[in-house]
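Asks: Residue numbers (the numbering used here), protein chains in the order written: chain A, 1 to 447; chain L, 1 to 375.
Worth double-checking, as some hints may not be accurate.
[As the list claims (entries may be wrong)] Using C-beta positions, here's what the derived DEER-type ranges look like: (1) A:D142 with L:D219: 28 to 36 Å; (2) L:R120 with A:V276: 24 to 32 Å; (3) L:L29 with A:K322: 18 to 26 Å; (4) L:G176 with A:I360: 45 to 53 Å.
The set of hints was computed from the structure by calculation and includes no laboratory data.
On a predicted model such as this, the values are computed, not experimentally measured, just so you know.
Think of the CB as a built atom: it goes at the ideal place given N, C-alpha and C, for glycine as much as any other residue.
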Amino acid sequence: MNAVKRLLREIAKYPSAVFGLIIVLLLVALAVYALVTIPYSEAVRLWRGGETVWYQNPKNVPPAWFNLFSARKLPESFAVKAGEEGFTKTVTPGEQNTSKIDFTYSFEFDYDEFPQELLLYFDAKYESKSPFVSIYLITPDDREIRISDFGVSQRQTFRFSQDEKLQRRLRRVEPMKGLFAVPDSDPMTPLKGTYQLVINGLTFEPDSDVNAEFVMHGQLYGLAGTDHNRRDIMVALLYGAPVAMAFGLLAALGTSILSMSISAIGTWYGGWLDEVIQRITEINLVLPFLAILIMVGTFYSRSIWTILGVTILLSIFTGSIKTYRAIFLQVKESTYIEAARAYGASDFRIIFTYLIPRMIPLLIPALVSAVPSYVFLEASLAVLGLGDPVLPTWGKLVNDAFTNGALYKSQYYWILEPAALLMITGLGFAMLGFALDRIFNPRLRGV
Amino acid sequence: MTLEIEAEGAGTKRTSANSTFSRVGRFVLMRLVLLFFTIVAGVYLTILIANMGGYVDTIMKNDIRERVTTSVAAATANQNISTETRRSMIEQRIALEERRLGLDRPFVERSFRYLGNALRLQLGRAVYMVSDNGSREVRNIILERLPPTLLLMGTSQLFLFFFSVLIALTLSRAYGSFWDKLVITLSPTSAAPPWFYGIFFILVFAAVLKVLPFGGMVDAPPPANTFDYIVNVLKHLILPAGSLIISALFFSIYNWRTFFLIYSSEDYVDMAKAKGLSDRDIERRYILRPTLPTIVTNFALLVITLWSGATLTETVFLWPGLGRTIFRAIGFYDTPVIVGTTIIYAYLLALTVFLLDFIYALVDPRVKIGGGSHP
């Protein structure tokens, strides 16, 4: 406990280290939060669920808080089901087993741009005679615009912009503009105020029922916007945190510990074992690291655990083994090791109780500084298209954005959000690692 | 008495000259053998991985079967042929294609053939890939992509190297100053890889400011005369090289500066200052000299990375280089190309490592070739 307190006091001397530590702790907290609120199966469902999960969101829109910074307010999206949140549904039974079902929903529209789309999803229950609905929109200046009337099948989607009769009725103007614009304005500006959607339904059977869901695809959505598949980017941003942290930390930890252990064993036993380890290191130098990862990803499996395993395997036998070896060689000759050998300590005990603990102070900064490179490695593979196929990660977002030309289409938020998170992660760990390096490395003290 | 000593002296001199020669000779031989063995092992391992121990054969065979079947079924000339004849036609074509790609032999045999050819630098012909001027020869494919990679990596790494060493040298004298603190604060920015900065650069300079191109090496269509062509290429070079440089710059400067500081805190430097030598003399003779082996090592390793290229940076900027070619080759299961690039890289690496030992001996008087254990 004292050692930790001393360490923290040392870290406090470097402001950048404190900053880095705070960032790291925040990231860990974010990762834990993400894992708790969105368990794995839920994350997969949200990310790969398909139309049924994403239908309520607009396509390729920026986050909702953009409105705080722009003069022209863009419409936000919403979705309401009948019977909740002001979407009233009244059933009035009539004669001969018919009944009237009336839906009304009032919503505010105080924006300077038109929405992307309005949709109505109908669910009807009937045996032979399908219910009939008439849809109207009442504008703030009390015009009643007839949208459509039709018989509803069991599952029916009504897209306002794609109804031809509506287009004709609006005199060939695109429905979103036609419905919301101030009449005869040029250029078309939206009419602000309270709109009311009215649906008059008529059912012809005793047990017949109609349910509706009203969705408006605005030009903004959520905390992070949506992508080309209507997915909420926030899900990927949240869930990318534990993935990135797990990958980075596990890879860095695994590589450091294995590297150090192998180096210690080799140095201690000397002889042919040492030579073999050196040769393996040289062979590993020849192998093209990224190319092999790409090959494993393409031919074998893109699962993140496979990639993690191969990364660790290829990263153990690197130059750090030589560095550790040099230090171990020095330590090996010291007197207390000689004493240990004299009292008959087994090789195993000497290596793991004496040699390796000497290394740990030097190991820690290297470990912390290595985490960003592994986080970015995972992102790199995702950008190349070889990321884990199931999980939403930050690299995946960058890849999606890049493949869909986000930069050309000015959808900067799509790239900037995961990129910013990657950068913050990298900076946090790097700053902490730097300071730890200066604390632990005796040659750098005071420099 | 004197005669005896002289005779002894002469004898010792001859043996010592002989012993140096035999020592160096033995060392060179051993090194070459070891390096060769390393190359063989490394390349063979790459071949195994590039074929997933023969699994890729299965993928390719299935791929061939599907392609041939669909093409035969789709050809209108085959509509009236009976199913048996069509089936035998399909099998014939599949067998032919497999023979072309060498899939009719077991994988192990082919792997050794690849290895042998690669070691003799007979790179053969690619399976599917074609170079821009139409050649299937792996040598041509690689040679065509090599200049852009060399251009990109060369300018960025050389600039980075010399710039960071020189700045670090100056900075090591100004310990604790504003610039020093600035470099230290900015060094964690190197945590981000070059392609990361590349995306930001494209965002700012190409998308928003519209002053520099989004990617590629040259405008399409390229300018007619040579001078404009060169200027155009340089214009396209700015962003990719810039991202490579910025990504590593501050960390490089920091490393070199720390390195120089450690060496400039030695006693003999203090003595030189007390003697009243000029700063430049101190730098040159007392700081640069002992650090030269490390600088040279780093430079040699840098030269090696020139060939491997930066795969992701090239992908982000659509730069037609070797890194992207390897990536595409993997996507095509094109083993000859993958092996070809690996073997060239391996030979260059081995050559550089080999030469390094001699350069060490030249530069560091404490090092004797073949003497003492290797660090």
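Asks: A separate judgement is required for each hint: does it hold in the structure or not?
Replies: Evaluated hints:
1. A:D142 with L:D219: 28 to 36 Å: violated, 58 Å
2. L:R120 with A:V276: 24 to 32 Å: The hint (24 to 32 Å, Cβ to Cβ) holds, given that L:R120 and A:V276 are roughly 28 Å apart.
3. L:L29 with A:K322: 18 to 26 Å: With Cβ atoms ~23 Å apart, the hint holds.
4. L:G176 with A:I360: 45 to 53 Å: Hint violated: Cβ distance 30 Å, outside 45 to 53 Å.
In summary, the structure is inconsistent with hints 1 and 4 from the numbered list given earlier, while agreeing with the others.
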